[in-house]
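J.: Add 1032 to a position in the sequence shown, counting from 1, and you land on the number used in my numbering.
I should point out that these hints are in silico values taken from the structure, not numbers from a laboratory. Incorrect hints may have been included.
[What the hints assert, rightly or not] For each label pair, taking beta carbons as the anchor points, the in silico distance ranges come out as:
| id | residue 1 | residue 2 | range |
| --- | --- | --- | --- |
| 1 | ARG1141 | ASP1058 | 39 to 49 Å |
| 2 | GLY1059 | ARG1119 | 33 to 43 Å |
| 3 | GLU1115 | GLY1091 | 33 to 43 Å |
Beta carbons are placed, not taken as given, at the ideal position from N, Cα and C, and that holds for glycine.
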Amino acid sequence: MGAEVRAGMAGGGGPERPPTAIGLPDGRVLLNTTGNTALAHGGSGDVLAGMIGGLWAGGISAAEASCLSVFVHGRAAEILTLERSPRSVLPSDVLSALASVFSQLERFRP
1033 MGAEVRAGMA GGGGPERPPT AIGLPDGRVL LNTTGNTALA HGGSGDVLAG MIGGLWAGGI
1093 SAAEASCLSV FVHGRAAEIL TLERSPRSVL PSDVLSALAS VFSQLERFRP
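Take the sequences, apply the hints, and build the full model.
T.: Next comes the structure, spelled out in structure tokens:
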């Protein structure tokens, strides 16, 4: 996947500090603005990598898996920090919040 899609940083960002840039094979760079400092904990990147790998293995393209995972990962952190400090959010909390984000997205499917 590394040659196919590269997630990186734009403007000093990263998953923990938006925007996150996702470079696609055709040269386009997509920016994701979800996420916050709740993702600046050891293990958060492992959750994201697992999401990308799982979605990709499930049959969607590496680019789609990367874009969807970065968005959902960031949105889960945003939801968690509505009621508590970003400093208290653990990667396991983000993992637990993924179901809620996917449920929200599925309500908008045509």
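J.: Decide, hint by hint, whether the structure agrees.
T.: Hint by hint, here is what the structure shows:
1. ARG1141 with ASP1058: 39 to 49 Å: violated, 25 Å
2. GLY1059 with ARG1119: 33 to 43 Å: Roughly 38 Å apart at Cβ, these two residues keep to the hinted range, so it holds.
3. GLU1115 with GLY1091: 33 to 43 Å: holds, 35 Å
In summary, the one numbered hint that this structure violates is 1.
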